[in-house]
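Novice: Residues per chain are reported as follows:
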Amino acid sequence: GAVVSQHPSRVICKSGTSVKIECRSLDFQATTMFWYRQFPKKSLMLMATSNEGSKATYEQGVEKDKFLINHASLTLSTLTVTSAHPEDSSFYICSARSGTSGLNTGELFFGEGSRLTVL
Amino acid sequence: EDQVTQSPEALRLQEGESSSLNCSYTVSGLRGLFWYRQDPGKGPEFLFTLYSAGEEKEKERLKATLTKKESFLHITAPKPEDSATYLCAVQASLNAGGTSYGKLTFGQGTILTVHP
Chain P
3 GAVVSQHPSR VICKSGTSVK IECRSLDFQA TTMFWYRQFP KKSLMLMATS NEGSKATYEQ
63 GVEKDKFLIN HASLTLSTLT VTSAHPEDSS FYICSARSGT SGLNTGELFF GEGSRLTVL
Chain C
370 EDQVTQSPEA LRLQEGESSS LNCSYTVSGL RGLFWYRQDP GKGPEFLFTL YSAGEEKEKE
430 RLKATLTKKE SFLHITAPKP EDSATYLCAV QASLNAGGTS YGKLTFGQGT ILTVHP
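Protein chains in written order, with our numbering: chain P, 3 to 121; chain C, 370 to 485.
Calculated directly from the structure, the hints in this document are not laboratory data. Worth double-checking, as some hints may not be accurate.
As the list claims (entries may be wrong) - The calculated SDA-like cross-link candidates involving lysine to any residue, where the alpha carbons are at most 20 Å apart (straight line), are:
#, chain 1, residue 1, chain 2, residue 2
1, P, K22, C, S376
2, P, K44, C, K411
3, P, K43, C, Q477
4, P, K43, C, P409
5, C, K411, P, E61
6, P, K44, C, Q477
7, P, K43, C, P377
8, C, K472, P, K22
9, P, K44, P, L78
10, P, K44, C, S397
11, C, K432, C, G410
12, C, K411, P, K68
13, P, K22, P, S11
14, C, K432, C, K472
15, C, K411, P, K16
16, C, K411, P, D67
17, C, K472, P, N53
18, P, K43, C, A422
19, C, K448, C, S388
20, C, K472, C, V396
21, C, K438, C, T395
22, C, K472, P, S11
23, C, K448, C, R400
24, P, K43, C, A453
25, C, K448, C, G385
26, P, K44, C, P485
27, P, K57, P, F41
28, P, K44, C, R400
29, P, K44, C, K437
30, P, K44, C, R406
31, P, K22, P, D90
32, C, K472, P, E61
33, C, K432, C, H443
34, C, K438, C, R400
35, P, K44, C, T454
36, C, K472, P, F41
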């Protein structure tokens with residue numbers, strides 16, 4: 003299947019700093035990428051949907067200024083956690099849908115996830 | 370609001386002991402129900418998509434079925450390598466509106482442990 007790569011897989015930062023997580027589709031063009039957050043033993047919670055070349059659409063309760071999303075190309079989306087605090091510590095996962103897969107999100111491919119720890 | 374509830378939260382099986390995982394859902398028009406497998410510290414891995422009641426899909430020791438209210442993931446003669454968290458997700462039909470095109474709503478998952 004298609005490959006989605008996330009980097010870094012683990013990051014530890016100090017409170018108040020900003021952290022950028024990259025999500026790349028390696029062998030297909032991703033017109034839409036989704037960013038999820040997952041707490042231990044909890045479900046994946048959709049944070050935002052990013053479409054290439056346009057502003058991200060955020061889910062209710064997700065701070066736009068806190069979680070900056072950029073989808074500058076068909077193969078790269080970035081999530082920047084600004085002024086991170088310990089409560090932002092979590093597992094962040096991106097997923098991407100091929101531009102040719104239409105509405106079938108069964109063809110939604112997930113990255114390996116990024117574990118953020120804010121001290 | 371779309372809701373997905375999975376049960377049990379955790380399931381321990383002996384190798385070879387078949388069982389089923391449940392996914393109950395409420396959605397404003399189901400477009401698709403998806404099963405994923407997630408290993409610790411990894412992203413979800415796609416298993417199946419089901420679109421209509423009565424549909425079944427199989428892959429190795431796994432079989433997924435769908436009714437109008439729930440889906441089951443049957444595991445036949447499981448092996449230790451089947452140990453993982455199994456996630457169920459639903460996608461509402463486009464007419465339901467919403468801000469996230471193609472959005473999936475996930476259940477909390479069932480942690481499956483298969484002992485040798």
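Novice: Please go over all the hints and tell whether each is borne out by the structure.
Specialist: Do the hints match the structure? See the list:
1. P:K22 <-> C:S376: violated, 35 Å
2. P:K44 <-> C:K411: holds, 14 Å
3. P:K43 <-> C:Q477: holds, 7 Å
4. P:K43 <-> C:P409: Roughly 10 Å separates the two Cα atoms, so the pair holds.
5. C:K411 <-> P:E61: Cα-Cα ~23 Å, so violated.
6. P:K44 <-> C:Q477: Measuring from Cα to Cα gives roughly 5 Å; hence the hint holds.
7. P:K43 <-> C:P377: With Cα atoms ~13 Å apart, K43 of chain P and P377 of chain C stay inside 20 Å; holds.
8. C:K472 <-> P:K22: With a Cα-Cα distance of about 23 Å, the restraint between K472 of chain C and K22 of chain P is violated, given a limit of 20 Å.
9. P:K44 <-> P:L78: violated, 27 Å
10. P:K44 <-> C:S397: Distance of about 23 Å is beyond 20 Å: violated.
11. C:K432 <-> C:G410: violated, 25 Å
12. C:K411 <-> P:K68: Distance ~24 Å between K411 of chain C and K68 of chain P Cα, so the pair is violated.
13. P:K22 <-> P:S11: holds, 11 Å
14. C:K432 <-> C:K472: violated, 24 Å
15. C:K411 <-> P:K16: Violated, at about 24 Å.
16. C:K411 <-> P:D67: violated, 27 Å
17. C:K472 <-> P:N53: Holds, because 13 Å separates the two Cα atoms, which is no more than 20 Å.
18. P:K43 <-> C:A422: The hint is violated at about 29 Å.
19. C:K448 <-> C:S388: Between K448 of chain C and S388 of chain C the Cα gap is close to 12 Å, so the pair holds against 20 Å.
20. C:K472 <-> C:V396: holds, 12 Å
21. C:K438 <-> C:T395: Within the cut-off at roughly 7 Å; holds.
22. C:K472 <-> P:S11: violated, 24 Å
23. C:K448 <-> C:R400: violated, 32 Å
24. P:K43 <-> C:A453: Within the cut-off at roughly 12 Å; holds.
25. C:K448 <-> C:G385: It holds: about 7 Å lies between the C-alpha atoms, which stays within 20 Å.
26. P:K44 <-> C:P485: violated, 27 Å
27. P:K57 <-> P:F41: violated, 26 Å
28. P:K44 <-> C:R400: violated, 24 Å
29. P:K44 <-> C:K437: violated, 25 Å
30. P:K44 <-> C:R406: holds, 14 Å
31. P:K22 <-> P:D90: holds, 13 Å
32. C:K472 <-> P:E61: holds, 10 Å
33. C:K432 <-> C:H443: Answer holds: K432 of chain C to H443 of chain C is near 5 Å, not above 20 Å.
34. C:K438 <-> C:R400: Holds, because 13 Å separates the two Cα atoms, which is no more than 20 Å.
35. P:K44 <-> C:T454: Roughly 11 Å separates the two Cα atoms, so the pair holds.
36. C:K472 <-> P:F41: Distance of about 19 Å is within 20 Å: holds.
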